[in-house]
Amino acid sequence: MTDMTDVPQTARARRPHRIAGFNTLELAAGLVIVALGLLVVFESLNYPWGSLRNVGPGIFPFLLGIVLAGLGIAVIFEGRLSDAVAPVVPWRAMLAICAGLGAFAYLIDRAGAFVAIFALIFLSGFAERRYRPLPLLFTALGLCAFVAALVLGFRGVVNMTLLPAF
Amino acid sequence: MDLFDNMILGFSVAVSWSSLLACFIGVSLGTFIGVLPGVGALAGISLLMPLTFNQTPTDAIVMLAGIYYGSIYGGSTAAILLNLPGSVTSAVTCFDGYPMAQQGRAGKALAMTTLASFIGGCFSIVLMMGFAAPLVAVAQSFGSPEYFAMTILGLLAASTLSQGSPVKGIAMVVVGLIVGLVGTDIQSGVARFTFGSRELLDGISLVVLAMGLFGVSEILVNFTDMHRARSRQDVDTSWGAMMPSKQEWKDSTGALGRGSVIGAVIGILPGAGAAIAAFIAYSVEKKLSRTPERFGNGAIEGLAAAETANNSAAQAAFIPTMSLGIPGSATMALLLGALLIHGVQPGPLVIQTNPDLFWGLIASFWIGNLMLLVLNLPMIGIWVRMLMIPYHILYPCILFFICLGAFSARNNPVDILLVILFGLMGYGMKLLQLPAAPLLLGLVLGPMAEEHFRRSLLLSRGDPTVFITQPISGGLLAVAALVVASTVWTSVKRKRLQHAA
Numbered sequence: 001m002t003d004m005t006d007v008p009q010t011a012r013a014r015r016p017h018r019i020a021g022f023n024t025l026e027l028a029a030g031l032v033i034v035a036l037g038l039l040v041v042f043e044s045l046n047y048p049w050g051s052l053r054n055v056g057p058g059i060f061p062f063l064l065g066i067v068l069a070g071l072g073i074a075v076i077f078e079g080r081l082s083d084a085v086a087p088v089v090p091w092r093a094m095l096a097i098c099a100g101l102g103a104f105a106y107l108i109d110r111a112g113a114f115v116a117i118f119a120l121i122f123l124s125g126f127a128e129r130r131y132r133p134l135p136l137l138f139t140a141l142g143l144c145a146f147v148a149a150l151v152l153g154f155r156g157v158v159n160m161t162l163l164p165a166f
Numbered sequence: 167m168d169l170f171d172n173m174i175l176g177f178s179v180a181v182s183w184s185s186l187l188a189c190f191i192g193v194s195l196g197t198f199i200g201v202l203p204g205v206g207a208l209a210g211i212s213l214l215m216p217l218t219f220n221q222t223p224t225d226a227i228v229m230l231a232g233i234y235y236g237s238i239y240g241g242s243t244a245a246i247l248l249n250l251p252g253s254v255t256s257a258v259t260c261f262d263g264y265p266m267a268q269q270g271r272a273g274k275a276l277a278m279t280t281l282a283s284f285i286g287g288c289f290s291i292v293l294m295m296g297f298a299a300p301l302v303a304v305a306q307s308f309g310s311p312e313y314f315a316m317t318i319l320g321l322l323a324a325s326t327l328s329q330g331s332p333v334k335g336i337a338m339v340v341v342g343l344i345v346g347l348v349g350t351d352i353q354s355g356v357a358r359f360t361f362g363s364r365e366l367l368d369g370i371s372l373v374v375l376a377m378g379l380f381g382v383s384e385i386l387v388n389f390t391d392m393h394r395a396r397s398r399q400d401v402d403t404s405w406g407a408m409m410p411s412k413q414e415w416k417d418s419t420g421a422l423g424r425g426s427v428i429g430a431v432i433g434i435l436p437g438a439g440a441a442i443a444a445f446i447a448y449s450v451e452k453k454l455s456r457t458p459e460r461f462g463n464g465a466i467e468g469l470a471a472a473e474t475a476n477n478s479a480a481q482a483a484f485i486p487t488m489s490l491g492i493p494g495s496a497t498m499a500l501l502l503g504a505l506l507i508h509g510v511q512p513g514p515l516v517i518q519t520n521p522d523l524f525w526g527l528i529a530s531f532w533i534g535n536l537m538l539l540v541l542n543l544p545m546i547g548i549w550v551r552m553l554m555i556p557y558h559i560l561y562p563c564i565l566f567f568i569c570l571g572a573f574s575a576r577n578n579p580v581d582i583l584l585v586i587l588f589g590l591m592g593y594g595m596k597l598l599q600l601p602a603a604p605l606l607l608g609l610v611l612g613p614m615a616e617e618h619f620r621r622s623l624l625l626s627r628g629d630p631t632v633f634i635t636q637p638i639s640g641g642l643l644a645v646a647a648l649v650v651a652s653t654v655w656t657s658v659k660r661k662r663l664q665h666a667a
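Listed in order, the protein sequences are those of chains A and B. For what it's worth, my numbering labels the leading residue of the first sequence as 1, then goes sequentially. For what it's worth, my numbering labels the leading residue of the second sequence as 167, then goes sequentially.
Keep in mind that the hints were calculated from the coordinates and are not lab data. All values reported here derive from a predicted model rather than from experimental measurement. Do not take every clue at face value.
Short derived list, chain B residues pointing at chain A, Cβ under 8 Å [what the hints assert, rightly or not]: (1) 341; (2) 382; (3) 385; (4) 452; (5) 576; (6) 583; (7) 586; (8) 597; (9) 616; (10) 620; (11) 631; (12) 665.
With the Cβ distance kept under 10 Å, some of the chain A side facing chain B (calculated, not the full set) [claimed, not checked]: (13) 29; (14) 64; (15) 127.
These stretches of chain A come out as covered by chain B in the derived footprint (C-beta under 8 Å, 3 or more residues) [claimed, not checked]: (16) 65-77; (17) 89-96.
Ideal placement from N, C-alpha and C gives every residue a C-beta, glycine not left out.
Using the sequences and the hints, build the whole thing.
What follows is the structure, encoded as structure tokens:
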């Protein structure tokens, strides 16, 4: 279901970065996994252990944490054979989309769905290099109409305030 | 006849107005999602899942299943017309579909895909009807150690047989299992991995996680790797241009049959899934063909094989999910999760406790496949126009539906913030080439795996060898070990070769 072919053309041409023979990207992935595994192991020590006959809530996470840390080390070593290269991160799009979603979350209860939709659409519009106010306006208006129909037409399915109560 | 009675029960459920409507909405939304490049079935189902919370469990699962197989139907349209697979499952469809479109045979390609999909789907539904009862009989003799072993086998097979590094796949399954532990432990009441947060006591919501991992991060990936629709193919959608000729029919009949069988066999296995089924069916057809050089240049039998196989596999994937409660792919895990949210525990008991749901779902497959056939042939022109929706309008809309879905699940804006968090996490995982689908599988199956683990030890009076000494569970675990060892071995060997070159 997942495809790993998302590496853009420009990145494919670059040579993989290595630290002492370990592919840096895979090293990072492995270290994150090891750290997560160790975190789980230490956290699980706080939970009652129980016995083999009556397993407490601590044992299963403890085992999973150890397995995960081991797999992280395996990922690091497998990375010796990897030519993975970090793709270019679209910081602009990431920032714009997070800002849009964050604004929606902040505004939905305070200012109602209409205001929240406009904030979401116009902020996330910055993800594109070219800002297109007119198509964004029509998109926002269309979505407002859709939400109004959803809230008014199917009461109970979606509970949203459309406009703030004054 | 038992089966006959059951199907009557099924159809009596599936032809009710609400189920018909659910099925119709499901398959049309699914086709729509499949047609749009960059929105997969996983993202689509996670986006639309909150809409089903107010429906009955049967209607909900009928609709979500419809979205799934509808998207596989629809995915081929973008593949044929733009050489862009609308979903991963139709990647193979591009091989011969796009050349056919370039030769001005787009209408025929689209018509053949629709028919091939219908035939493949029908084959697996028949199989599911026949397989359900014996599988359930087997599953009922299972105790906790067997269930634990089978869950482990399912998880390991699903994570190692997909593309990419098998080690990373297994690591992500374990992460998913751990994420599934977050919240209050049912047996002891201890809050685990909540770090003092009250929001996390109920556990991490499947919907929120899936929307972040597959919705938001998908959009970010699309901004990393721009592949947009460029050229527009004109499609002659008149009947004359769409009907395959006699010769084309003759060429395709064998491919249709073989594709159905290959797809069904691969679909039942965990991990392989519709995309791999299509690929294998295509290679088999190419090997059997007396004119293999036509493949890749618009051979209609290649197209037919790929499309029957992916739809047959998509339907067959429901067999282990519904009768054993073990999903083979992330999409099936989502559907299973939806059932759990509705309070239905999938597994062998479902057929006894909720026969209306099980047989209603199967009956809805017939209806849904028929609807797709009727919907798709005359509406190809409309789907072609859908392809022209520019991405700068599409992605704000998807973001809005993410917000709507996340918010309406609990009416809590915090869920939207969690979606952002999981979206960034999903994108980070993409950067590090860690697959997200196994994580979802682990999350859904985690609580069940732990419960069976603890219960097995309780019943065996603390003897941990019970998993190996019981013949069935020992056998399943041995198969699991074999699967992992062989995939890791071949993957390392392949990488060595690549590296040496």
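So, going through the hints one by one against the coordinates:
Hint status for residue 341 (chain B) relative to chain A: holds, with the closest Cβ pair at about 7 Å, below 8 Å. Annotation: residue 382 (chain B) was flagged as interfacial toward chain A, and the flag holds, the nearest CB pair being 7 Å apart, inside 8 Å. Below 8 Å, beta-carbon pairs count as interface contacts, and residue 385 (chain B) has one with chain A at about 6 Å; its hint therefore holds. Because the beta carbon of residue 452 (chain B) sits about 22 Å from the nearest beta carbon in chain A, more than 8 Å, this interface hint is broken.
With its C-beta approaching chain A no nearer than about 10 Å, residue 576 (chain B) sits outside the 8 Å limit, and its interface hint is violated. The beta carbon of residue 583 (chain B) is positioned within 8 Å of a beta carbon in chain A (closest approach about 5 Å), and the interface hint is therefore held. Evaluation of the residue 586 (chain B) hint against chain A yields a held restraint, the C-beta minimum of about 5 Å falling below 8 Å. A cut of 8 Å between beta carbons decides the hint on residue 597 (chain B): the least distance to chain A is about 6 Å, and the hint holds.
Against a cut-off of 8 Å between C-beta atoms, the interface hint on residue 616 (chain B) holds, since the closest Cβ of chain A lies about 5 Å away. Look at residue 620 (chain B): its Cβ gets to within about 4 Å of chain A, closer than 8 Å, so that hint holds up. A least Cβ separation of about 11 Å between residue 631 (chain B) and chain A goes past the 8 Å threshold, and the interface hint is therefore violated. Below 8 Å, beta-carbon pairs count as interface contacts, and residue 665 (chain B) has one with chain A at about 5 Å; its hint therefore holds.
The closest approach between the C-beta of residue 29 (chain A) and any C-beta of chain B is roughly 4 Å, which is under the 10 Å cut-off, so the hint is satisfied. For the restraint placing residue 64 (chain A) at the interface with chain B, the shortest Cβ-Cβ distance is roughly 5 Å, inside the 10 Å limit, so the hint holds. With a least beta-carbon distance of about 6 Å to chain B, the hint placing residue 127 (chain A) at the interface is held under the 10 Å criterion. Residues of the stretch 65-77 of chain A lying with their CB closer than 8 Å to a CB of chain B number 7, which satisfies the three-residue condition for coverage.
With 4 residues carrying a beta carbon less than 8 Å from a beta carbon of chain B, the stretch 89-96 of chain A meets the three-residue requirement, and the given coverage holds.
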